[in-house]
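Participant: Protein chains in written order, with our numbering: chain A, 24 to 108; chain B, 24 to 108; chain C, 3 to 157; chain D, 3 to 157.
If you are wondering where the hints come from, they were derived from the structure by calculation, not from laboratory data. Nothing here was measured: the structure is a model prediction, and the numbers come from that model. C-beta: ideal position from N, C-alpha, C; glycine also. It is possible that some hints are incorrect.
[What the hints assert, rightly or not] Derived DSBU-like pairs: lysine-lysine, alpha-carbon spacing no greater than 35 Å straight-line: (1) D:Lys89 with A:Lys73; (2) B:Lys92 with B:Lys73; (3) B:Lys73 with C:Lys89.
[Unchecked claim] Distance ranges between label pairs, derived from CB positions: (4) C:Glu45 with A:His86: 38 to 48 Å; (5) B:Asp69 with C:Ala139: 17 to 27 Å; (6) A:Lys92 with C:Arg75: 41 to 51 Å; (7) D:Leu7 with C:Arg24: 29 to 39 Å; (8) D:Arg48 with B:Ala77: 24 to 34 Å; (9) C:Gly74 with D:Glu45: 41 to 51 Å; (10) A:Glu85 with B:Ala77: 40 to 50 Å; (11) D:Arg48 with C:Asp148: 43 to 53 Å; (12) B:Glu42 with C:Arg24: 33 to 43 Å; (13) A:Met24 with C:Glu45: 38 to 48 Å; (14) D:Ser4 with C:Asp134: 20 to 30 Å; (15) D:Leu77 with A:Glu67: 41 to 51 Å.
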Amino acid sequence: MMVKIVYFAWVREKIGKGEEELDLPAEVTTVADLLTYLKTLGEEYDEALKFPEAVRVALNQEHAHHSEKIAGVREIGIFPPMTGG
Amino acid sequence: MMVKIVYFAWVREKIGKGEEELDLPAEVTTVADLLTYLKTLGEEYDEALKFPEAVRVALNQEHAHHSEKIAGVREIGIFPPMTGG
Amino acid sequence: MSLTLHIAVQHEDFDPAVEAARLTDGRPGVGALVQFTGFCRDEGGRLSALELEHYPGMAEAELQRIAEDAVGRFLLIGLSVIHRYGKIMPGERIVLVSATSSHRQAAFDGANYVMDFLKTAAPFWKKEHNADGSHGAWVAAKDEDDSARDKWGKE
Amino acid sequence: MSLTLHIAVQHEDFDPAVEAARLTDGRPGVGALVQFTGFCRDEGGRLSALELEHYPGMAEAELQRIAEDAVGRFLLIGLSVIHRYGKIMPGERIVLVSATSSHRQAAFDGANYVMDFLKTAAPFWKKEHNADGSHGAWVAAKDEDDSARDKWGKE
């Protein structure tokens, strides 16, 4: 499954890129699976996602729980807790 | 005791004047006494103060309970509940 | 940091931008500004104007007391309260409360507190002018305004 | 009465008077306007600027969702939410929420609700620029912001 992943704030800085297209293996079905998979892609991913529960995820630009399925999603955002306002 | 009394809103309209100087009898010692005394001054006062508990009173421009003493007060305001804002 | 406190009772209209500047210019510790503006409503076309009567001297003094209470209670950096009197047409501004603080909840609470006490304790009274020319009534005080005030607890 | 809803995410500064006019001009049913402005603080001189990063597209969509929730919950007549991104200096405005209603508490609650959810759900992140030139940190989310949001109860 091809998906666009976008990173923000310190997640973006640690991974070293703002976005990328990834072809996810079939066994990656939930947000939690995705975060575990990304950690295998290199030291910078492992460092950025060391505490997966600390990052927030959006599926097609809507907030999602880590237990949610990602089938059919076109864009996944990964970022720290928000600090706007 | 000479005192300046000022009236506002429908209390002023019913009594027909905005202010007056009155020489209060010695037995008028509290706000409640004053309201009872004023009702004896004429029909328009009796009408304006028909329900004394419905009017608010300020002593020297500070809100006062009807049980408060008025000795030494220079100015007494009598008016309906406030509706500003 | 020094406190800015501004109280005014006037017939003329006021400018919310001027009050915002009064409370924020040259004050980089201000993180939050809340401004409440109260307008004269037309009540669905029923009213042509409101006439606002006030108790000169006491109106300013009472607003000052309410403002000082709010500053102390919510640790505000600045507070401005302006209330108009006289004839005011639908759509015109009647009252402006501006509160600044480091953080947002204090600014929200400060402005809200001032409005709740202003409604029930500041000596202003509204008389309606009816659009059809008939004799207008004095606006009655509302129990809900007392309830709104009482949510802040006893002093 | 038709609802006015305005959402913007932009680098440029905004004018609170323009948003006030957007929500009140020609609307004599509006009795109350509450405007919240959030400013960049200098943290006692420690900061030279904040850099605001956002998730384009999602930022606008999330503000729209929060705004629609607030309008429905508090029966607002109008709501405007503007949030800036990019480099912002101490004393500059970051965010403006303007809410109108017939009566004051709905306008206060509407603006307060939007700010609480904006803080915790709108995809914006702040990075500090230190006045001494040292490497600035990303601002950490605060538990008190979650608590502030939770005061509104479950949807």
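Participant: With reference to the structure, classify each hint as holding or not holding.
Facilitator: Against the structure, the hints come out as follows:
1. D:Lys89 with A:Lys73: This hinted pair holds, its Cα atoms lying about 29 Å apart.
2. B:Lys92 with B:Lys73: 21 Å, holds
3. B:Lys73 with C:Lys89: It holds: about 29 Å lies between the C-alpha atoms, which stays within 35 Å.
4. C:Glu45 with A:His86: 38 to 48 Å: 42 Å, holds
5. B:Asp69 with C:Ala139: 17 to 27 Å: 21 Å, holds
6. A:Lys92 with C:Arg75: 41 to 51 Å: Given range 41 to 51 Å: holds, Cβ gap about 49 Å.
7. D:Leu7 with C:Arg24: 29 to 39 Å: Given about 30 Å between the Cβ atoms, the range holds.
8. D:Arg48 with B:Ala77: 24 to 34 Å: 57 Å, violated
9. C:Gly74 with D:Glu45: 41 to 51 Å: 24 Å, violated
10. A:Glu85 with B:Ala77: 40 to 50 Å: For A:Glu85 and B:Ala77 the Cβ distance comes to about 56 Å; the hint is violated.
11. D:Arg48 with C:Asp148: 43 to 53 Å: Hint holds: Cβ distance 45 Å, inside 43 to 53 Å.
12. B:Glu42 with C:Arg24: 33 to 43 Å: 35 Å, holds
13. A:Met24 with C:Glu45: 38 to 48 Å: Distance hint for A:Met24, C:Glu45 is violated at roughly 59 Å.
14. D:Ser4 with C:Asp134: 20 to 30 Å: 26 Å, holds
15. D:Leu77 with A:Glu67: 41 to 51 Å: 49 Å, holds
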